[in-house]
Amino acid sequence: MDHPAHHGSLGAAVPPGDLSEDLRDATRTAVAALEERVRSCRWMLSDPAVYRVADPEVLRSSVERDEEAVRVLRSALGD
Numbered sequence: 001m002d003h004p005a006h007h008g009s010l011g012a013a014v015p016p017g018d019l020s021e022d023l024r025d026a027t028r029t030a031v032a033a034l035e036e037r038v039r040s041c042r043w044m045l046s047d048p049a050v051y052r053v054a055d056p057e058v059l060r061s062s063v064e065r066d067e068e069a070v071r072v073l074r075s076a077l078g079d
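Residue numbering for the sequence shown follows my numbering, beginning at 1 and increasing consecutively.
Derived by calculation from the structure, the hints in this document are not laboratory data. Quick caveat, the model's predicted, so the values are computed rather than measured. Among the hints, a few may not be true.
As the list claims (entries may be wrong) - What follows is a list of derived Cβ distance ranges for each label pair:
| id | residue 1 | residue 2 | range |
| --- | --- | --- | --- |
| 1 | Arg74 | Ser40 | 16 to 22 Å |
| 2 | Ala26 | Val53 | 18 to 24 Å |
| 3 | Arg60 | Ala32 | 17 to 23 Å |
From the three backbone atoms N, C-alpha and C, an ideal C-beta is built for every residue, glycine too.
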C-alpha cells in the first residue's frame, strides 16, 4: 500500500518511513491518545444521558478531526 509523503516543518516532503525513532515514538503516542479520545467521544455519543452535558455535533466534529489526524499520522509512519 502506497502512502503519500507528508510535509515536514519547513514544507519539504518527507517520505513515509523517513522519521527518526524518537519522532516515530512520539507519533505513535499521539496516535494512541487520539484513538483513546475518539473512543471516549463515541462512548459519549452512545449515551443519551451525556447529551445533556455535551453537544453531540461538537463530539462528532471532534471524532472526524481526530480520525483524520490519525490517518495522517499513520501515513507518516508508513502504517
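Against the structure, the hints come out as follows:
1. Arg74 with Ser40: 16 to 22 Å: holds, 19 Å
2. Ala26 with Val53: 18 to 24 Å: With Cβ atoms ~32 Å apart, the hint is violated.
3. Arg60 with Ala32: 17 to 23 Å: holds, 21 Å
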